[in-house]
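> Listed in order, the protein sequences are those of chains G and E. So that you can map any letter, position 37 of the first sequence is 37 in our numbering, and since no number is skipped, the others follow by simple counting. So that you can map any letter, position 26 of the second sequence is 26 in our numbering, and since no number is skipped, the others follow by simple counting.
Some clues are possibly wrong.
Using 30 Å as the maximum straight-line C-alpha spacing, the simulated DSS-like pairs for lysine-lysine come out as follows [stated by the list, open to error]:
| no. | chain 1 | residue 1 | chain 2 | residue 2 |
| --- | --- | --- | --- | --- |
| 1 | G | 20 | E | 110 |
| 2 | G | 141 | G | 128 |
| 3 | E | 47 | E | 105 |
| 4 | G | 20 | E | 105 |
Since the hints were derived computationally from the structure, they do not count as laboratory data.
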Amino acid sequence: MKLKQLEGLLGSLQQFENPKIELEQYPTGPHIASRLLYTAENSFGDVSDKVVADFGSGCGTLGLAAGLLGAEHVIGFDIDEESIEIASLNADELELDMDFIQCDIRNLRLSDRAIDTVVMNPPFGTRKKGADMVFLSMALKVASGAVYSLHKTTTRDHIKRTALREYNASSAEVLCELRFDVPQLYKFHKKKEVDVAVDLWRFVPNTNRPKHL
Amino acid sequence: MRLLTHNMLSSNIKGVTNGFPLRIEVEKVVEKEVDFNVDFLRNMFAKIEWKALAEASRTMGYSELPDDAESSMLDSDEFLRKFHHALLELHLEEGALVCPETGRKFPVNKGIPNMLLHEDEV
Chain G
1 MKLKQLEGLL GSLQQFENPK IELEQYPTGP HIASRLLYTA ENSFGDVSDK VVADFGSGCG
61 TLGLAAGLLG AEHVIGFDID EESIEIASLN ADELELDMDF IQCDIRNLRL SDRAIDTVVM
121 NPPFGTRKKG ADMVFLSMAL KVASGAVYSL HKTTTRDHIK RTALREYNAS SAEVLCELRF
181 DVPQLYKFHK KKEVDVAVDL WRFVPNTNRP KHL
Chain E
1 MRLLTHNMLS SNIKGVTNGF PLRIEVEKVV EKEVDFNVDF LRNMFAKIEW KALAEASRTM
61 GYSELPDDAE SSMLDSDEFL RKFHHALLEL HLEEGALVCP ETGRKFPVNK GIPNMLLHED
121 EV
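Next up, chain E with everything else stripped away, as it sits in the complex:
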């Protein structure tokens, strides 16, 4: 699972008011190279939650993203390369996503998070 996917996913357990962002527990990270697409990154920048991405990438062992970012940074090729790497090339392969309110763990196996809820969580 890429961090772009993580960036849009919330815990939806009954009673949870703020299920975003899911904390990440890392057992294994894999990196897969993706073609660099500047226009896509510019578009995505307006949509993603930057703090969640920066923190998630740090948890995944990549500490190059600044805590805060603004659109003027998109003029820097260096910044775009880092953004690209964090957003699209880092994959959580094994580990878990954790609901920030309840601590409930959603396991991630072979890169696939299991977000199915138990009956009493719906």
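Bound conformation, chain G alone:
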């Protein structure tokens, strides 16, 4: 599938009706989502025939993009029931089969290395400090192949250091810098549209670590 086709299909997906501030529910736009998954598949072979998890799946955009690119099994994890309902409808619309689990990522217990690839657009942690790091830590624990994630460019050094030193990543690489259009979803946004610089990261978990469940 071509990048433009993928972006077009993702652009047709339904997004949050009533986004929840406390969960930092910003939709992952089709531009960013299509590039993330397209790169994962075409540059690294991390999607087709793989088991892919979408952490904080929201309306399902990243997970469904993985499904469109041939992932064998996709699981979306989200704390919010309404989001999962929208994501399920989006899956039906694309005629894709995707599993969902309603859970708090902090309390999730998956077998180590059960997932090949984690894709995620975590909460940036602007409302709840460190939320993105909780996601990253868990992703690097359950993934055996790679973790793709979006983080604010201003946190680049911190992310790199923490991933390598504390979360046992064997590599942490910024693939590109993107502009994240955050539309005026919430009343506290003063400007009509806020442009945030975001890094697209690829982390490789260190799978030599002793296995502990």
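Once you have looked at the hints, place chain E on chain G.
Below, chain E alone, put in the same frame as chain G:
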């Protein structure tokens, strides 16, 4: 929810030491056909917990998987077809997942397990 998802999920209630595998209570199972992918099955075979899969599929009304399996069986097309069906085509649509230690039920509605914990379980 496919049994592949069930095969990696544990109960994470505070104090529980072995939350795997979650028992399954079945109200409704649906089957959805998936393309047969031999390479994927071979890869997965090394990763999954076979006993949990065999037992889960039996609970879901599919009794074709042997209790034990070894990698030499992957040469058999018949075996691969059964493995494929159990792993990817059986869905728990309504029912519950049950913590093997505490008996706490995690409800499954419309195929989606609710694994959220109560405050005193974290």
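> Hint by hint, say whether it matches the structure.
Status of each hint after checking the structure:
no.	hint	in the structure
1	20(G) - 110(E)	23 Å, holds
2	141(G) - 128(G)	22 Å, holds
3	47(E) - 105(E)	26 Å, holds
4	20(G) - 105(E)	28 Å, holds
In this structure, none of the earlier numbered hints is contradicted; all agree with it.
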